[in-house]
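Full structure from sequences and hints, please.
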Amino acid sequence: GSLAASGFDVNAWKREPGVLEASLAEGLPAVQLMPQHIMGSGLSAYCYDGTRLAGFHEPLEGFAKAAHLLGELEGGWVGLYLSTVDTLGHAFGGDTPPVHVALHQIEESLAWMTSTLAPYVMDETVLLVTTDHGQSTVKKKITLAGAPWEWLEKHTRAVGFSGRVMHVYLGPEQRR
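For reference, each letter of the sequence shown is one residue, going 21 to 196 in the numbering used here.
Please keep in mind that the hints were generated in silico from the structure rather than gathered at the bench. In this text, all values refer to a predicted model and were calculated from it rather than measured experimentally. Built from N, CA and C at the ideal position, the CB exists for glycine as well. Since no wrong hints were added, every one of them can be taken at face value.
Pairwise CB distance ranges, derived in the manner of DEER restraints:
| hint | residue 1 | residue 2 | range |
| --- | --- | --- | --- |
| 1 | 143 | 115 | 32 to 38 Å |
| 2 | 139 | 61 | 33 to 39 Å |
| 3 | 141 | 112 | 33 to 39 Å |
| 4 | 56 | 151 | 19 to 25 Å |
| 5 | 120 | 70 | 35 to 41 Å |
| 6 | 60 | 143 | 31 to 37 Å |
| 7 | 45 | 121 | 38 to 44 Å |
| 8 | 77 | 144 | 26 to 32 Å |
| 9 | 94 | 117 | 38 to 44 Å |
| 10 | 130 | 45 | 27 to 33 Å |
| 11 | 114 | 81 | 23 to 29 Å |
| 12 | 78 | 143 | 24 to 30 Å |
| 13 | 143 | 121 | 28 to 34 Å |
Here it is as structure tokens:
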């Protein structure tokens, strides 16, 4: 089940259009690469509405696909979303050996990817690396008035917080 199906107004929480959506509005090609397991999920469809999505199974595959796309596209954007550090951060904490290893692998993959790009692609490409919210040790409830909060309390097993993001955790038996 989805929050929208429960009566929660998802569009009221939707973020401002991002750079990929703005590029589409200007007629520039935009491709967002993401792990295959979240392709077509509510979150990917919600965040990248209208952007061409492409999946990958392993991070290095994502970097290889990004390099290929950068060589193919004339202008536009290629985004590469990796869930590795976020997933490990939730499991082990942000400043832990598994996260450090994942960051090292990402750095090595990024160095490899850029070394494979043709000189003309490198001359015309701006590489921007950003990170997600990280892991916050501050846990507190936020106040949501009325039906949405009541639904969340009744139907979720946990509500978590990290950075600016509220996470809602459902058990397998809670999916509709």
